[in-house]
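Residue numbers (my numbering), protein chains in the order written: chain A, 91 to 410; chain B, 262 to 566.
Calculated directly from the structure, the hints in this document are not laboratory data.
By construction, the Cβ of each residue, glycine as well, lies at the ideal position given by its N, Cα and C atoms.
A couple of the hints might just be wrong.
Said to hold, decoys possible - Derived coverage of chain A by chain B (criterion: at least 3 residues anywhere in the stretch with Cβ under 8 Å from a Cβ of chain B; other residues may be distant):
id, region
1, 137–146
2, 175–181
3, 195–202
4, 326–339
5, 359–365
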Amino acid sequence: MRRAAPWVVLALALAFPLAMQAEQTYYLSFASRIFVYALAATSLNLILGYGGMISFGHAAFVGTGAYVSSILLSEGVASAWIGWPAAVAASALAALAIGAVSLRTRGAYFIMITLAFAQMMFFLVNSMKAYGGDEGLSLRERASVGLGVDLGSDFAFYYTALAALAAGLYGLHRLAHSRFGRVIQAIRENEERAEAIGFPVYRHKLACFVIAGAAGGLAGALLASHGKYVNPNVLHWTHSGTLMVMVILGGVGRLWGGVIGAAALLGLEDLIANHRVDWLAAIFPNYQQHASLGVGAALLAIVLFAPEGIAGMLARRKHA
Amino acid sequence: MSWILIVEQSLNGLQFGLMLFLLAAGLTLVFGIMDMINLAHGSLYMLGAFLAATLVQATGSFALGVLLAIPATAVLGMLLEMSVLRTLYARDHLSQVLATFALILIFNEAVRIIWGPDMPLSVPAALSGPVQLLPGMVYPAYRLLIIGVGAAVAGALYLLVARTRIGMLVRAGASNREMALAMGVNIPRLFTLLFGVGAGLCAVAGALLGPLFAVQVGMGENILILAFVVIVIGGIGSIRGALVGSLLVGVVDTIGRAFLPLLFGIFFQPRVASAAGPAIASVLVYLLMAAVLYIKPQGLFPARG
Chain A
91 MRRAAPWVVL ALALAFPLAM QAEQTYYLSF ASRIFVYALA ATSLNLILGY
141 GGMISFGHAA FVGTGAYVSS ILLSEGVASA WIGWPAAVAA SALAALAIGA
191 VSLRTRGAYF IMITLAFAQM MFFLVNSMKA YGGDEGLSLR ERASVGLGVD
241 LGSDFAFYYT ALAALAAGLY GLHRLAHSRF GRVIQAIREN EERAEAIGFP
291 VYRHKLACFV IAGAAGGLAG ALLASHGKYV NPNVLHWTHS GTLMVMVILG
341 GVGRLWGGVI GAAALLGLED LIANHRVDWL AAIFPNYQQH ASLGVGAALL
391 AIVLFAPEGI AGMLARRKHA
Chain B
262 MSWILIVEQS LNGLQFGLML FLLAAGLTLV FGIMDMINLA HGSLYMLGAF
312 LAATLVQATG SFALGVLLAI PATAVLGMLL EMSVLRTLYA RDHLSQVLAT
362 FALILIFNEA VRIIWGPDMP LSVPAALSGP VQLLPGMVYP AYRLLIIGVG
412 AAVAGALYLL VARTRIGMLV RAGASNREMA LAMGVNIPRL FTLLFGVGAG
462 LCAVAGALLG PLFAVQVGMG ENILILAFVV IVIGGIGSIR GALVGSLLVG
512 VVDTIGRAFL PLLFGIFFQP RVASAAGPAI ASVLVYLLMA AVLYIKPQGL
562 FPARG
């Protein structure tokens, strides 16, 4: 039953667009957005949950991927086969540079320094007047993959995003059970002991940081293509916070944590903003414009009362 | 590039640095004593500014409104500490970051519901004009007031922490909390009090900077990050570090923004200079922080150890 669950989810995700009418593209697009955020959150979960590194600057890598792919697109390089690998490579490079400095610090200093580096990239992008500056960059079309597939259609983009997310989850699953993944988790549990046993702790942490950054870059490239628009807020520290919220909400260090968290957070936002509840509106007329109040309250409740996240709660119920 | 411009920008840097210190002082003590990351500190700055704007409107007096906003924000801060934050001290940094991030969302929306996206708050008429500091050099009177108030509050805070019994207990808590507890210091009560003082300082900064920037939802978020940069540079838990870090960050940021574009103009073509100058200037404080941490990973004045 447990082993079958991922395949059932995948089959449902594959069948979902077929159940949609042609005019219901809103939900296809919304589901694609969830997939992209799920990939970003999953990449953060690798360093946060598996590696125990509390990075508060993950938006820097998502943003780097988004901007590199968008800049290439606006310069006329339409092929996703060039744009997306370039985004991944640039994000990996950014993660290598930021990680190399940040990972020398510990605890709260690490949180602060990753935060500061991400803000630094935010301000850099903000001052790139040639690519829209603080107004952002609009794209005429999505990247193209060739092979007779038109990513401009929400149908094709849905499957592309799903494939990227599935690859990300499979990669995380394999990584977590590999020798490298075991070492990473050992470092999370006790860094001194791992070092004493003889593992090169710093190198393992840096490699983990770079892998997560690269995956975040792919999510960023997809995000830019999905909305055909990118602005500096994709690098803002509150965006890093949102990704962290998704990971915690779903479950830190759990394979499905990022997916559950992204679906729960975006779903909750969409639910409050687009589905009016009459009795609630009677008490509080404009409640739909203040969705983040509900999101904030839900998040606070989760942190205070269910620190293991939704995936943790599900797992505990199964064991009980 | 005349000397008048340099003096003027240095004063601007001093003014910004002193306001940063008011934010960073509370943050660094909270961080140092309770090992608690409080992202909601910026929300108290925002609340202080909105309360000040409302009270200035209600009383018709800038001074009275600001003076009333300070205790009001302090009370709000203490209530926040007693209701939510207190339960977070024993939790890990991740939970603290998440819970206080949630508080930011809640406070931003609450302010938007109560006040709307922004509030008018302008420089009082009596201080809106310039003052002649030196022959040939004038400076806005309001900015001088900020420098005066900032310096006075910073001095009082320094005396409070360095010379009084309460301050001694605070310093004891920051350098070794368990030891202070074992010696009979009532840390929880001390801490609620400290949190109130920190919130009050936020209100001073928010109310005074309000007319210069803007009193709007989200105003606390970017300045919060700068305050974190300050305390990381200064050393977490050190009030002296917070002061040095604030002035350093304030001056470097202001001077950088004013002069880097000019400096680049001397060496590069105008097109390159106008693009690169502001970009480098905006990341200068972060480069400063990275450099300080590279040389002294615990900041300039480590409180522990």
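Against chain B, does the region 137–146 of chain A show at least 3 residues with beta-carbon separation below 8 Å?
holds (count 3)
Coverage claim, chain B over the region 359–365 of chain A, checked by counting residues with Cβ within 8 Å (three needed)
Violated - the region 359–365 of chain A has 0 residues with a Cβ nearer than 8 Å to chain B, which falls short of three.
So is the region 326–339 of chain A in contact with chain B by the C-beta rule, three or more residues under 8 Å, or is the coverage claim wrong?
holds (count 6)
Cβ contact check, 8 Å cutoff: the region 175–181 of chain A against chain B, three residues minimum:
Violated, because only 0 residues of the region 175–181 of chain A bring their Cβ atoms closer than 8 Å to Cβ atoms of chain B.
Tell me if chain B covers the region 195–202 of chain A under the three-residue, 8 Å CB rule, please?
holds (count 6)
Going through the hint list in order, the structure does not satisfy hints 2 and 5.
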